[in-house]
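Fit chain B to the given chain A structure using the hints.
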Amino acid sequence: MVQDEQVVRRYLKHKREQDFRIIYQKHNDKLFRLAMHMLSYNQYWAKDAVQEMWIVALRKVDKFEWRSSLNTWLTSILLNILKRYYPKTVEKQMVSEESYGEFNLDMQDIIKSVNTLSDGYKQVFVLHDIEGYKHQEIAELLDIKEGTSKSQLFQARKLLRSKLSELKIRS
Amino acid sequence: MTNENELSGEERDLFEKLKGIKPPIEMEEETISKLKAEGLIQSQNKMIWVYRVAAAIAFFILGYSVFPYLNSNESPAYNYMLVLYEDANFKPGPPEEMFDEYSHWMQSIYQNGMAIDGQEMKTSSLLLEGKEVSNAAAKTVGGYFVLYASSQEEAVKVAQSSPHLKYGGTIEVKEFMIR
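Chains A and B, in that order, give the protein sequences.
Quick note on numbering: this note's numbering labels position 112 of the first sequence as 103, and the sequence is numbered without any gaps.
Quick note on numbering: this note's numbering labels position 156 of the second sequence as 157, and the sequence is numbered without any gaps.
Just chain A, same shape as in the assembly:
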């Protein structure tokens, strides 16, 4: 298990590439996945957003007080970036069809279904059911009440089930 705090303190001391790589390799996949889900599976936007997140994170990491895990802190930065800089759902959905082609057919039904969710439902669904965050953590990350997180997950799962069964019937 990589000890984030030890590596980050060493990064702050030397700004060495190899220390950043340890942190990057541990956390980047999860953050990239979140960006992909929230940006209609557009790889270019997701990559840009996550790279922007790393820039912001390294600028601020000396102020990070380790009250949460590093991953939670990085996720909160990424969610802010996604909220502030990236286009609204309608525009995102316009480009999603070509993005689906990047995935195998098996995955396409799932991601198409996830992509029909509104941003609010999608965030809670992805954070809880895919990335394993607890409702309390999601509430803090998204600045919502724990009950809201639970009810949004309830609605998200309901809509996803309906969408997935609709796609199954069509095929």
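Hint data in this document are derived by calculation from the structure and do not stem from the laboratory.
There may be inaccurate statements among the hints.
Stated by the list, open to error - Simulated crosslink set (DSS-like; lysine-lysine; CA at most 25 Å straight-line):
no.	chain 1	residue 1	chain 2	residue 2
1	A	K17	B	K158
2	B	K167	B	K123
3	A	K125	A	K17
4	A	K21	A	K38
5	A	K103	B	K35
6	A	K125	A	K74
7	A	K51	A	K103
8	A	K4	B	K35
9	A	K141	B	K20
10	A	K154	B	K18
11	B	K92	B	K35
12	A	K74	A	K17
13	B	K167	B	K140
14	A	K74	A	K141
15	B	K23	A	K38
16	A	K74	B	K20
17	A	K4	A	K17
18	B	K20	A	K17
19	A	K125	A	K141
20	B	K123	A	K103
21	B	K35	A	K74
22	A	K38	B	K175
23	B	K92	B	K23
24	B	K92	A	K125
25	A	K154	A	K141
26	A	K103	B	K167
27	A	K21	B	K35
Since the model is a prediction, treat every value here as computed from it, not as a measurement.
Then chain B, alone, in the frame of chain A:
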């Protein structure tokens, strides 16, 4: 939330597939370049660590010199040295096995967040005493590792996990004098 809303095993398996989404392979190097351009990572003149570790391991077996210098004391990259002695009890194993073992060991140390380098040395050496030069060193040094540990205890733990002890070698843990 009702039980009906809980995910079934089938649904969990389905959503698990979404974890298969991976970043493009070039993303790591692109990110490093951007961070260097922003001045958030120092450019390295030396080989990147993967090459350094791989080279160190290869040369640990083959006995060539690859790391002729350490970083300056102004910003120490390492603060402990593990000196590896090979005396009568040292019984090296087959080179391939040692290669795999040292490779796995160094990578696991690095992945656990600790900077580490190493170098094998020829077992012969010259001893200078006053004007006398002989080859009668009291102990045979087979190589060293340098690392950055948070305490002597941590450096000792790393030394204890080294394959060198398994082969009957002994290790001296030396702390750098950093002024």
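Structure-based check of all given hints:
Note on K17 (chain A) and K158 (chain B): the hinted pairing holds, with a Cα-Cα distance of about 24 Å set against a maximum of 25 Å. Taking the CA atoms of K167 (chain B) and K123 (chain B), the gap is about 20 Å. The hint holds against a cut of 25 Å. In summary, the hint linking K125 (chain A) to K17 (chain A) is supported, as the alpha carbons are separated by about 20 Å, within the 25 Å threshold. With a C-alpha separation of about 12 Å, the suggested pairing of K21 (chain A) with K38 (chain A) holds against the 25 Å cut-off.
Under the criterion of a C-alpha separation no larger than 25 Å, the hint pairing K103 (chain A) with K35 (chain B) is inconsistent with the structure, at around 32 Å. Restraint check: the Cα-Cα separation between K125 (chain A) and K74 (chain A) comes to about 21 Å, which is no more than 25 Å; the hinted pair holds. Taken as a hint, the K51 (chain A) and K103 (chain A) pair is broken in the structure, with Cα atoms around 36 Å apart against an allowance of 25 Å. As the CA atoms of K4 (chain A) and K35 (chain B) are separated by approximately 20 Å, the hinted pair is consistent with the 25 Å bound.
Between K141 (chain A) and K20 (chain B), the direct Cα distance comes to roughly 22 Å. Compliance with the 25 Å bound is thereby established for this hinted pair. A threshold of 25 Å between alpha carbons decides the hint, and for K154 (chain A) with K18 (chain B) the separation of about 17 Å falls inside it, so the pair holds. A threshold of 25 Å between alpha carbons decides the hint, and for K92 (chain B) with K35 (chain B) the separation of about 48 Å lies outside it, so the pair is violated. With a C-alpha separation of about 24 Å, the suggested pairing of K74 (chain A) with K17 (chain A) holds against the 25 Å cut-off.
Under the criterion of a C-alpha separation no larger than 25 Å, the hint pairing K167 (chain B) with K140 (chain B) is consistent with the structure, at around 18 Å. Proposed proximity of K74 (chain A) and K141 (chain A) is supported: the alpha carbons are some 21 Å apart, at most 25 Å. At roughly 11 Å between alpha-carbon atoms, K23 (chain B) and K38 (chain A) fall within 25 Å of each other, so this suggested pair holds. Proposed proximity of K74 (chain A) and K20 (chain B) is supported: the alpha carbons are some 22 Å apart, at most 25 Å.
For the hint linking K4 (chain A) to K17 (chain A), the alpha-carbon distance of about 20 Å falls within 25 Å, and the restraint holds. Restraint check for K20 (chain B) and K17 (chain A): the C-alpha separation of about 14 Å stays at or below 25 Å, so the hint holds. For the suggested pair K125 (chain A) and K141 (chain A), the alpha carbons sit about 10 Å apart, so the restraint of at most 25 Å is met. At roughly 62 Å between alpha-carbon atoms, K123 (chain B) and K103 (chain A) are farther apart than 25 Å, so this suggested pair is violated.
With a C-alpha separation of about 22 Å, the suggested pair K35 (chain B) and K74 (chain A) falls inside the 25 Å cut-off, and the hint holds. For the proposed pair K38 (chain A) and K175 (chain B), the alpha carbon gap of about 44 Å is over 25 Å, so the pair is violated. The hinted pair formed by K92 (chain B) and K23 (chain B) fails the criterion: a straight-line CA distance of about 44 Å is larger than 25 Å. Restraint check for K92 (chain B) and K125 (chain A): not satisfied, since their Cα atoms lie roughly 52 Å apart, outside the 25 Å limit.
A distance of roughly 20 Å separates the Cα atoms of K154 (chain A) and K141 (chain A); the hinted pair therefore holds under the 25 Å criterion. A C-alpha spacing of about 54 Å is found between K103 (chain A) and K167 (chain B), which places the hinted pair above 25 Å, so the restraint is violated. For the hint pairing K21 (chain A) with K35 (chain B), the CA-to-CA distance comes to about 20 Å; that is within 25 Å, so the pair holds.
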